[in-house]
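> These are the residues of each chain, in order.
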Amino acid sequence: MEIAMKRRGLILGSSLLAVPALAQARWPDREVTVLVPFGAGGSTDVSVRAICAEAEKILGVPMQIVNRTGGQGTAAPTQVSQARPDGHTIGSAAMSGLAIAPHMFEVGYTLDSFAYLPGTARFLYGIGVRADSPYGSIQDLVNAAKARRITFSATGPPNNLGLFDLNRKYGTRFGFVPFQSGAEAVTAAIGGHVEATSQTPPEMIPAIQSGRMRMLASASPARWKEFPDVPTLREAGFDVTIESLLGFVAPRGVPAERLAVLGDAIQRAAAMPAVEEALGRFGMVPAIQTAPEFERAIREGFVRYGEQLREAGLARR
Amino acid sequence: MRGYARGVGIAALIFAGLAGWEASRLQTWSPFEGPGPGLVPQILAVLIAIAAIGVMAAPGDGELEGGEASPLRSRCFLAYGAAMLGVAIALPYLGFIVTGFAATLLVLRFGENRPMRESLLWSVALVAGVTLLFGTALGVPFPEGAAERLIASFGLLRLG
Amino acid sequence: MMDGLLQGFGVLMTFQNLSLCLIGAVLGTLVGVLPGLGPATTIALLLPISLKLDPTGAIILLAGIYYGVAYGGTITSVLMRIPGEASSVVTCIDGYAMARKGRAGAALGIAAIGSFIAGTFGVLGVMLLSPPLAELVIAFGPWEYAALMLAGLSLIAFFAASGVAKAALMALVGLFLGSVGLDPITGTSRFTFGIPALVDGVNIAPLALGLFGLSELLFLALSGDKKPEILRPPSTLLGFMPNRTEWKRSAMPIARGSVLGFFVGLLPGGGAVLASFLSYAVEKRLTKYPEEFGKGAIEGVAGPESANNSGTAGAFIPLLTLGIPSNAVTALLLGALLVHGVQPGPMILERQPELYWGVIASMYLGNFILLVLNLPFVGFFVRALEVPRRFMATAILLVCVIGTWSTGLNHFDVLLAAAFGIVGFLLRRGGFDLGPLVLAYVLGPTLERSLRQALLISDGDLTQVVHHPIALGFLIVSAAVLLSGLVFRKRPAVVQDGGS
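Chains as they are written, first to last, in the numbering used here: chain A, 1 to 317; chain B, 1 to 160; chain C, 1 to 500.
In case anyone wonders, no lab produced these hints; they're calculated from the structure. Be aware that one or more of the hints could be misleading.
[What the hints assert, rightly or not] Restricting the straight-line Cα-Cα distance to at most 25 angstroms, the calculated cross-link-like pairs of lysine to any residue (SDA-like) are:
| # | chain 1 | residue 1 | chain 2 | residue 2 |
| --- | --- | --- | --- | --- |
| 1 | C | K52 | B | W29 |
| 2 | C | K101 | C | P233 |
| 3 | A | K225 | C | E350 |
| 4 | C | K52 | A | R49 |
| 5 | C | K52 | B | P141 |
| 6 | C | K52 | A | R281 |
| 7 | C | K284 | C | A255 |
| 8 | A | K169 | A | A312 |
| 9 | C | K52 | B | L159 |
| 10 | C | K52 | A | S181 |
| 11 | C | K52 | A | Q180 |
| 12 | C | K295 | C | R285 |
| 13 | C | K248 | C | G294 |
| 14 | C | K52 | A | K225 |
| 15 | C | K248 | C | K52 |
| 16 | C | K284 | C | M241 |
| 17 | C | K288 | C | P233 |
[What the hints assert, rightly or not] Which residues of chain A face chain C? A partial, calculated answer using Cβ under 7 angstroms:
| # | residue |
| --- | --- |
| 18 | G70 |
| 19 | Q72 |
| 20 | A147 |
| 21 | I150 |
| 22 | T151 |
| 23 | V177 |
| 24 | P178 |
| 25 | A183 |
| 26 | Q209 |
| 27 | G237 |
| 28 | T241 |
Quick reminder that beta carbons are idealized off the backbone N, C-alpha and C, glycines included.
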């Protein structure tokens, strides 16, 4: 703690020294509030805090994290979209809030309500079965699901969208059984109540390491570093991935030079080793994207998830 | 007690009716192979109606908790009730500090018949204590009001 | 196992967690002393504060209150014949009679010692039994969960003092309130009427603070501000020592109470209250001095006071391993865990060992703190009763308001809390227990989800339940309990658990 304070002091000091060289008052001159749509201590919260802890050293002003939970993760983006566009209020944003939730229920914003900042990290997803399951590989599981209905557990979208996509593209009959938390979803698969699960590393890794579960495929664009032998769905021959990103957005209308300052700080912060370590604890990996790349990814995700959700019967009518 | 409990039963029947009416607009069985959002609320509305009839049949006996006399006759009760409702209603407009102070003063001065001096002292002390504990020490963002804006400008409080 | 416990003490041995354990235990004792301010109210009040802590710290604090209350309630039962807490109601009978005979010290002493022994036994039980049980409950799928919760709610309706019909109505209303918000599966809005604050459902803070805290305030306002009459507690520690015969007569009741209480605590709908009543009944039947019961028999204090403490501990097993609370207080603890993003269940030992073992270790320490604290500070705790109502009640009002606000940061929740305060007052006036309502409200979403999961897995076929013998067993139990509750009107009246 003390060391961190000292370090901040040093950086503040050095930025003060730099002021005369910059001629005019530099921005930001006061704290930046970051709205996080999920509760303190969760994966999103901890990741955002880790990134902001580095970014505030670069910006030279504190970044204040406010957990604005509610509305299934849509309360925070709503507030960001309505905030004064001075760059002092920004929010963390993921596929779930921006590209998925608007298809499922009424929200108070559209993708055009925001100015985009960089993307910083990617969530990982995997498909697993219980240890004594008859399905030894992802091909076995897919073949079985072509013959009969195979139940799988998952929390909400996007976790379940990989298997829905398999249903759509390969004629399988995976039946989605929703669970409230990842832990429950994995437990149901271990207990044999459902035949497979599609979840994230924090829940699956302990179960795999204790020998109760086998992972058949990574549903992300890359393999998991804990299980380098397990292929991705794409490597196994199925053109399916679940893409979910964590990045930052600001209200539409923030001046471009301020967006550039914030974007630069966030992008550099996300590359720090301390951030990678914090992300890893929650099964995420750094995935640094520039602001335009992040915006494009979110907009593409919005279209793609819209189709998938409508076909799965999960979209709002 | 019997009459009172039956009254609660009737209220519960009305509640069940409204709940069932609202629930009937939800889908009972979704085409997406399964039970829909309306299934459980619809069952519950029916069961609430049955239980309400059960309460009317067996309302129990004994005295009302808190005494048979109507609470509306007690000035103290009215003061507490008004303070509670008043705070809840005025909070969005006046903020916490002003409404909390007014409510405490109301209760002490008119509900409990305490001297004005004591009432004022305690109201100030309590509001200050709660504000410092929750707002300053625990960092809870406070509902916005004139007093909150003033204190926030000293950096002692965050606004929500 | 030892590793786990050591890890737990490691977690506990931080300044923050030790202080939280102490604060919880002291506050719990205080709450137990004050009539009316039950553990449910207190936990609801502290919920917003606990949000500022990490999950382990929060649960240590809240659990400290939960078992501190079981101790504190005894003091007023013995000295004033006013049960500070429902689980100490039976202690009023023989404890107060002992105090009238000048044995107040012995009654308080044996209650504290019995509580310590039973509490320790209960913690041992939690520690030894929950890992194997956690293994077992992996066999629990949606069918089993749904049936278990139905059985639990039926048992609660059966044991409620208000009678089956009233308790069932409350439980059903609670289940209904639990269904407000976005449907967990399809995302359809249910009963939200376009109010953004309702999208995530009725929040637990306005519900609990309104039903317990604000309704209590209205009862306080109605009660009149009179000073209670208190028998004097002994002034020295020696005065709390029971004499030889009292020791001898208490040994077996403490042992029986510890075991009985623990297993009753495991039952959904069980917990400390039922445990203390059953223990009293057992001791009355087994004693060699039946004529003394009601006139100051020490067995009637030693047994129930032990039972309510081990029952308190026992109730942690279903909470931690199944995520199923057995009474209103553990329901609020579950709510607190969920707010913190902790999902109790069989995997909690694997996923969050530091939380699990930290709580177990804090229960050991808490029991010790309580033994040390209970006797020397009886006089101090009793003095808390002399705080005038106007100070206490206005503080409750403002803390409830800011507490409700702070969990959701919206004005609607505060209005909702006031509405629940009035509804809670009106219901309690008519003899309705609010415990089943809150419990059902917390269980509701899980019950609905389990039911719909079961229907999804079986492709909509309800008859599949015959392939699940455990689930079938629970369903038969709940049917039997509900029917017998309706047929036999007279049954052992057990006072409401938690809340008031």
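> Each of the hints needs a verdict: does it hold here or not?
Quick rundown of the hints versus the structure:
{"no.": "1", "hint": "C/K52 x B/W29", "in the structure": "violated, 42 angstroms"}
{"no.": "2", "hint": "C/K101 x C/P233", "in the structure": "holds, 13 angstroms"}
{"no.": "3", "hint": "A/K225 x C/E350", "in the structure": "holds, 21 angstroms"}
{"no.": "4", "hint": "C/K52 x A/R49", "in the structure": "holds, 15 angstroms"}
{"no.": "5", "hint": "C/K52 x B/P141", "in the structure": "holds, 12 angstroms"}
{"no.": "6", "hint": "C/K52 x A/R281", "in the structure": "holds, 22 angstroms"}
{"no.": "7", "hint": "C/K284 x C/A255", "in the structure": "holds, 15 angstroms"}
{"no.": "8", "hint": "A/K169 x A/A312", "in the structure": "holds, 13 angstroms"}
{"no.": "9", "hint": "C/K52 x B/L159", "in the structure": "holds, 17 angstroms"}
{"no.": "10", "hint": "C/K52 x A/S181", "in the structure": "holds, 22 angstroms"}
{"no.": "11", "hint": "C/K52 x A/Q180", "in the structure": "holds, 24 angstroms"}
{"no.": "12", "hint": "C/K295 x C/R285", "in the structure": "holds, 16 angstroms"}
{"no.": "13", "hint": "C/K248 x C/G294", "in the structure": "holds, 19 angstroms"}
{"no.": "14", "hint": "C/K52 x A/K225", "in the structure": "violated, 34 angstroms"}
{"no.": "15", "hint": "C/K248 x C/K52", "in the structure": "violated, 48 angstroms"}
{"no.": "16", "hint": "C/K284 x C/M241", "in the structure": "holds, 23 angstroms"}
{"no.": "17", "hint": "C/K288 x C/P233", "in the structure": "violated, 29 angstroms"}
{"no.": "18", "hint": "G70", "in the structure": "holds, 5 angstroms"}
{"no.": "19", "hint": "Q72", "in the structure": "holds, 6 angstroms"}
{"no.": "20", "hint": "A147", "in the structure": "violated, 15 angstroms"}
{"no.": "21", "hint": "I150", "in the structure": "violated, 11 angstroms"}
{"no.": "22", "hint": "T151", "in the structure": "holds, 5 angstroms"}
{"no.": "23", "hint": "V177", "in the structure": "holds, 5 angstroms"}
{"no.": "24", "hint": "P178", "in the structure": "holds, 5 angstroms"}
{"no.": "25", "hint": "A183", "in the structure": "holds, 5 angstroms"}
{"no.": "26", "hint": "Q209", "in the structure": "violated, 9 angstroms"}
{"no.": "27", "hint": "G237", "in the structure": "violated, 29 angstroms"}
{"no.": "28", "hint": "T241", "in the structure": "violated, 23 angstroms"}
The structure shown violates the earlier hints numbered 1, 14, 15, 17, 20, 21, 26, 27 and 28.
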